[in-house]
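Engineer: These protein sequence lines are chains B and U, in that order. Take the first sequence: its position 23, counted from the start at 1, is 23 in the numbering used here, and no numbers get skipped. Take the second sequence: its position 290, counted from the start at 1, is 290 in the numbering used here, and no numbers get skipped.
A portion of the hints provided could be inaccurate.
Pairs count within a copy or across copies, as identical chains cannot be separated in the list.
What the hints assert, rightly or not - In silico DSBU-like pairs for lysine-lysine, Cα to Cα no more than 35 Å straight-line:
1. LYS207 <-> LYS27
2. LYS116 <-> LYS266
3. LYS116 <-> LYS277
4. LYS112 <-> LYS265
5. LYS2 <-> LYS207
6. LYS116 <-> LYS205
7. LYS48 <-> LYS261
FYI, nobody ran anything at the bench for these hints, they're computed from the structure.
There are 2 protein chains.
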Amino acid sequence: MKINDLDNIAILGMGLLGGSLGMAIEKTMHQVTRTGYSRSLSSAEKAKKSGGLDIVCETVPEAVKDAQLVVLCSPLGTFEGLMEAMADHLKPGCIVTDVGSTKVLPRDLAKKILPKHVEFLGSHPMAGSEQQGVDFAMADLFEGANCILTPEKKNKVETLKFLHDFWSTLGMMVCEMTPAVHDKTVAAISHLPQVIAASLMNISKEKQMEICGKGFLDTTRIASGPEGMWRDILMSNAGNVADNIDRMINELSSVRDILRKNDDKKIYNKLGKARAKRSELLKQKLRTRELLS
Amino acid sequence: MKINDLDNIAILGMGLLGGSLGMAIEKTMHQVTRTGYSRSLSSAEKAKKSGGLDIVCETVPEAVKDAQLVVLCSPLGTFEGLMEAMADHLKPGCIVTDVGSTKVLPRDLAKKILPKHVEFLGSHPMAGSEQQGVDFAMADLFEGANCILTPEKKNKVETLKFLHDFWSTLGMMVCEMTPAVHDKTVAAISHLPQVIAASLMNISKEKQMEICGKGFLDTTRIASGPEGMWRDILMSNAGNVADNIDRMINELSSVRDILRKNDDKKIYNKLGKARAKRSELLKQKLRTRELLS
C-alpha cells in the first residue's frame, strides 16, 4: 500500500496520543476516514466533537473491520487484550502499528496473536507531554519530533516505506532500529530520566520544596506523567532500565566520593563535560530543527 | 537604615545576577545611585550601557567607599578576595550582603574579614538561569521568586527589616532561616538536582541522545549552568550535597530492585506518589504566585 492509497484508519485508544493523531491526520491527510475505539466511550465522543475522529465505534471488531491501518494508542498493558479482540476481524493486507514506548513487547504480542494475513511493524512517535487525556490533544503534537520505526527482517520494504511516509506526513523525523536496540536506547534516554525525576520527587521534603526554584521544577517535570502508563513502560523494559539505574548510581557515587575528598578540579571537569555535552546536544537539535517546533 | 533612606548601592560582580540586580533597582528604586565593579571591566561597561549601572569603578575600594549597601554578586570563590579588598574602605554602618547560593561560607568569611563597624547578613535570591553573563540580564529576573535571608542572633532587627524590604521591593517573596539550615535545604532542592542533571548528561551516549525528546532536555536543562560557579557552590556545601547524593542512591537502588523483581504494584505506587507530590507542589507554587511570574 502507498500512502496515497490510505483512506481508512482505525485508532484504538483515545488519550493524548490517540486524540492528537486523529487531529493531525485531519490536518495533513483529510481524505482519510478515522474510525476510533476507546475503552472510555466518552473520550472517543469528545475526540469526535473536537474534530479528532469521524466515526466512534463501541467495539474493537467494529472499529478495525474496514481499516487499512490500525494504530494502537492505548497504554502498553492493554495491547494483549486489544490484539486478541481484533485478530479475527482484520482485513487481509492490513498494517498494524502502535505508539507504545517500548517495542519488544508489542512485537512479541503481535507475533503470538495477530493472523498471518496482516503485517505488524511497531512505531514510537517520541511526542507527548506529562499531561494525559484527550482534553490535551493537539493537532501539532507530532510536528518536528522523532519517530522510531522498528522493522525486522520479516517486514516488507513497502510496509516500512508506508509507515515512514505516514509519520513524515505528520511532520515527524523518522529513523529506524530493531525493537531490541530501540528498547535499550529509550531505557537510557527516556525511562532512566523518568525514574530519576520520580525518585527526586519521592525523596524531597514538602517543607524544603516550598522554596525550590525553576530548576527543581524542570528536573522533575516528567514525574507528573501518568503512573499507569509509566508502570507499563518500565515493567516492559525492566531489565534495560535496571541496568541504566546501575550506571546512574555508579556516576552519582563517583561524584559523592569526589565531594567527600574536596577535589574541586574533578568536580569542575565533571560539570564542564556535562555542560559541553548538553551544548552539543542542543546544537544538534537545532540543526535537525527539533527545537524549532 | 530604612529602605527609603537608601540612595547608594555598590554591586560587585556583573554577571547575570549583578546585571539584573542593577536593572531591577533602576525599575523599582530609581533614586538609588548604582555603583558597580566587575573583574571584567567590559561587563561593567556593558551593564552601564544597558541601564544596569550608573557608575563603573575600576577598583573595589572606589566602588564601595560611599555605599550604604554592598551586594556581592560574583561567584562564591571570589568572595574572600573581594571582602579583603573592601574591608578597609567600607563606611561605618554599611550593610554587606551577597547573592551566593550557599550561606555558611560567606558568613564565615565576613566574620573573619569584615570590620566591626559594618554588618553582614547573607541573602539568597533564588532566581537565575542556566545562561551566564550580563548579556542575559533582565530587569524582572527576581520578580515572583523566593529570596532567603540568613540572619543570626548578632544581626540587628532593623538590618533584617531593611534587607527584607529591599528584596520585597524587587518583587521577591522573602523568608528566613539560619545559614546552616539554608545550606542543608538547598543541598536537597537545588544542589542535588544540579548533580543529577550533570550526571545524567555525563552517562548519556551521543548517538542515543540524538533521538531524545523534550523530557530528557528538561531533566538536564540545569546541566548547562556554568561549571565555575557550580564548582564553587558544590565545594562550599560538599558534605550536605554528598549526604543527599546518598539519599538519591538509596532511592534509585530501591527502584532498581523493584524492577528486577518485576513488582508492578510497587512501581505503580512509587510513580503515583511522585506524581501526587509534584501536583501538590505545583498547587503550592500557584497559590504563592511563583509560577505566575
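Engineer: Find the hints from earlier in the document that the structure breaks and name them by number, from lowest to highest.
Structural biologist: 2, 3, 6, 7
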